[in-house]
Every structure is written in C-alpha cells, then in structure tokens.
Amino acid sequence: AQSVAQPEDQVNVAEGNPLTVKCTYSVSGNPYLFWYVQYPNRGLQFLLKYITGDNLVKGSYGFEAEFNKSQTSFHLKKPSALVSDSALYFCAVRESGNTGKLIFGQGTTLQVKP
Amino acid sequence: DAGVTQSPTHLIKTRGQQVTLRCSPKSGHDTVSWYQQALGQGPQFIFQYYEEEERQRGNFPDRFSGHQFPNYSSELNVNALLLGDSALYLCASSLGRTNTGELFFGEGSRLTVL
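Protein chains in written order, with our numbering: chain A, 1 to 114; chain B, 1 to 114.
Don't read these hints as lab results, they were simulated from the structure.
Hints may be right or wrong, so weigh each one.
Unchecked claim - Simulated restraints on C-beta separations: (1) T14(B) x K58(A): 42 to 52 Å; (2) Q18(B) x S60(A): 30 to 40 Å; (3) S7(B) x Q45(A): 16 to 26 Å; (4) R110(B) x Q71(A): 28 to 38 Å; (5) L95(B) x T52(A): 34 to 44 Å; (6) E51(B) x S80(A): 43 to 53 Å; (7) G40(B) x S96(A): 46 to 56 Å; (8) E66(A) x T14(B): 10 to 20 Å; (9) K69(A) x Q18(B): 20 to 30 Å; (10) G97(A) x G28(B): 18 to 28 Å; (11) T20(A) x E53(B): 33 to 43 Å; (12) L95(B) x N30(A): 31 to 41 Å; (13) G62(A) x R110(B): 28 to 38 Å.
Fair warning: this is a prediction, and the values are worked out from it, not measured in the lab.
Positions of the beta carbon are idealized from the N, C-alpha and C atoms, including for glycine.
Use the sequences and the hints to build the structure in full.
Right, here's the structure in full:
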C-alpha cells in the first residue's frame, strides 16, 4: 500500500535562510507525488507535483522539490524563507488506480521567524 | 473562474444528529472527492463521485454517504453523529475519469459535534 511519511512535526527557520521540509514515500510502481500548503482555518493549496521527468520540480511561491528515487524522498525546498511561508505543509502520494485518490502525510508545521 | 466552494463554513451539531455538507466543484471539473481532516492530522479520503456514482470509498462507516448531482455539485451526509466526527471536511474537485493531476480543494466545512 502506498504511504508517505513526514518525519518532522515542526520545522523552524529564520527569514532569509533556506528551508527544507522532508517527505519519504512508499509506493509500488512509479510515484506521483504532491505538496500542498494549508494556512490556518483554510483549505489546501497545491504547490507542486512530480509525475515524471526532471528530479527538481519547481512550483508556486518560489518552492521547489527534489525527487530522489534511491532514497524514496521528495523534500520540499525554498532558497530563502519568508515569514509568510509559515503554514502547515502536506506531502501526498497518488494511489495507484485511476481515481486520483491522494494519501497524505501527517503534515509539517513550518515556522519562519523574522 | 470560480474555485471549489463549500457550505456551510462552520456548524455545530449534537451527538446523534445528522448533517449535510455541500460542495460545488471548480468550473469545468466533473469529479468530486471528500476528505476528513481531524485536528492535527492529514486529510483522509472518504469517497469520490464521478458521473453521479460513487467510484471509490475510503475506510469510513456507512453513516457517511454522498451524492453527486447532474451539475457535478455534491453533498456529504453524516448520520448518527459521534464526537469523533468533529473535523474539517474538505471537498476537492478534478477533471476526468483518469486523473493524474492535482486536486483543487475548497476552504472546508468545520463540523463540531457536542
């Protein structure tokens, strides 16, 4: 069965510093991987996805993610963090089959301090 | 371009009552999925509707039921509410029978069961 794990409940980073939010996955076959962000009392907003192709995926708001097949990881990165990036981040994997069902990790809270 | 809209945004019910949540998908989308997000957790898949039929169901009891209308909008019904049903209920829309892209989420309906 497909699954994702986000090993960190919270990541703290200073504004202007690079940030990384970690995600590892377990799938049978080729993974379809996603990152979503959730601001307080809001729904989920799509950031980026990996389907195939380049291992470095660029997404919204300056975020990017690096797909690493050998380490089964899909870490979210940003070169320079903003205070406004503070939010809850979810990694997700698309379940095999044709419905597009997403399986989400537990989430990682990113706190960017001025 | 209207995104995914959900109603109501907040509601409070008591144990044993029934609730209906509503969702209008993003313009042009024909598939609606429902997720439950308990406090501090990642979203969990409830079910998906396409062509007015339930295509896939997650690990939720029969108290959870749904419907999709000809205009692609959808309802989620929960009967015999339990305290544990308190959560943010998210609707997500997508296009087509075989979806390889991202899901678009609404802001959610926050249900509190007392």
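Here's how the hints hold up against the structure:
1. At roughly 48 Å, the beta-carbon separation of T14(B) and K58(A) lies within the given 42 to 52 Å, and the hint holds.
2. Between Q18(B) and S60(A) the beta carbon distance is about 38 Å. The supplied range of 30 to 40 Å therefore holds.
3. For S7(B) paired with Q45(A), a C-beta distance near 19 Å keeps the hint of 16 to 26 Å intact.
4. At roughly 37 Å, the beta-carbon separation of R110(B) and Q71(A) lies within the given 28 to 38 Å, and the hint holds.
5. One distance hint, 34 to 44 Å for the beta-carbon pair L95(B) and T52(A), is violated here, with the actual separation near 20 Å.
6. Hint check: E51(B) to S80(A), Cβ distance near 46 Å, so the stated range 43 to 53 Å holds.
7. For the pair G40(B) and S96(A), the beta carbons lie near 28 Å from each other, so the given range of 46 to 56 Å is not met.
8. Under the hint 10 to 20 Å, the C-beta atoms of E66(A) and T14(B), about 48 Å apart, miss the expected range.
9. Distance hint check for K69(A) and Q18(B): the Cβ-Cβ separation is about 47 Å, which falls outside the suggested range of 20 to 30 Å.
10. Between G97(A) and G28(B), the C-beta spacing of about 23 Å keeps the proposed range 18 to 28 Å intact.
11. Checking the proposed 33 to 43 Å range against T20(A) and E53(B) shows it holds: the Cβ atoms sit about 42 Å from each other.
12. Checked against the given bound of 31 to 41 Å, the beta carbons of L95(B) and N30(A), roughly 21 Å apart, lie outside it.
13. For G62(A) and R110(B), the hinted distance range of 28 to 38 Å is satisfied, since their beta carbons lie about 30 Å from each other.
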